[in-house]
Amino acid sequence: MNILTKNKVAIFLIAILFAGMAVIVYQERPLRDVVKDYSALGELNADTKKGLAVAIGNYLSFTLDEVAQHATADDCWVAINSSVYDLSSWVSRHPGGPSPIINICGQEASELFNNQHGGSNVAQAALILLKIGSLQE
Amino acid sequence: MSNFSRQILRFSLAMLFLWFGWQQLSSPEAWVFFLPDYVAYFPIPGEMLVQLNGWLEIIAALFLIAGVYTKVIAGLLGLHLLGIALMVGGATGVRDAVLAFANFALAFSEPDNWTLDKRSKS
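In order, the protein sequences belong to chains A and U. Our numbering runs 72 ahead of the 1-based position in the first sequence. Our numbering runs 1 ahead of the 1-based position in the second sequence.
Quick caveat, the hints were computed from the structure, so don't treat them as lab data. Quick reminder that beta carbons are idealized off the backbone N, C-alpha and C, glycines included. Hints should not be assumed to be uniformly reliable.
[To be verified] Which residues of chain A face chain U? A few of them, derived with a C-beta cut under 8 Å, are:
id, residue
1, Thr-77
2, Lys-78
3, Ala-82
4, Leu-85
5, Ile-88
6, Gly-92
7, Ile-96
8, Leu-136
9, Val-163
10, Ile-200
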């Protein structure tokens, strides 16, 4: 058996790797009905909440009234550009200090965010995994 | 290390990665909690990241089973596991660190007689 056979096997496996990755990236993700009411997560710890939010964040939607019920530093939801974010864990990590975040908890803050961070990819990226759903118009 | 020992080590590690890779691929929601905070800056969903990692581990396991570039793959898997061990910490971290060093043991030993690495030389 020569080295060509070995390399053929390696190339074959790498091809399967990329094909599988393409399937994973482009697969249609089913709507999950694990949690429709985020308040049901109240008894779970922060890490579990974060994990669930990561897993199902794109499929939940909330009204502005629901967002307004989470208006404290420990429980801080904010609506920005039609998405709803749980910024509770971000309050203490915000580079500009906690006050700007605390002041917008429970509110629609698109204008404020766009004025302050509109052109910042870093700020946009920081929001991605804090997303817990979309805002019902 | 004897030829038989290296075969046991290689297939055992391959089974390990096949099993956990399949678990990540089929039930990503059960693994997403282990993702570190910096994943928040990635532009892809956590579930997808877990599935991609699972698929990568499955293919790496197939490389080990076939015995293709065994030393390189075992070394990379060792580094991968060591990274996870340092990130997770605790008892799980200790377990993963030990498994990482088992990978390094395979990486630093000569390929056994059942590998394509060995057969391609003969």
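A quick look at each hint next to the structure:
1. Interface hint at A:Thr-77: satisfied, since its Cβ lies 7 Å from the closest Cβ of chain U, which is below the 8 Å cut-off.
2. Interface hint status for A:Lys-78: upheld, as the beta-carbon distance to the closest one in chain U is roughly 4 Å, under 8 Å.
3. The interface hint given for A:Ala-82 is met, as the beta carbon of that residue sits about 5 Å from the closest beta carbon of chain U, less than 8 Å.
4. With a cut of 8 Å, the hint placing A:Leu-85 at the interface with chain U holds, because the nearest CB-to-CB distance is about 6 Å.
5. Hint status for A:Ile-88: holds, given a least beta-carbon distance of 6 Å to chain U, under 8 Å.
6. For A:Gly-92, the suggested interface contact is upheld, since its CB lies about 5 Å from the closest CB of chain U, less than 8 Å.
7. At its closest, the beta carbon of A:Ile-96 sits 5 Å from a beta carbon of chain U; the interface hint therefore holds under the 8 Å criterion.
8. The closest approach between the C-beta of A:Leu-136 and any C-beta of chain U is roughly 24 Å, which is over the 8 Å cut-off, so the hint fails.
9. Evaluation of the A:Val-163 hint against chain U yields a violated restraint, the C-beta minimum of about 14 Å exceeding 8 Å.
10. For A:Ile-200, the shortest C-beta to C-beta distance to chain U is roughly 6 Å, which falls under 8 Å, so the interface hint holds.
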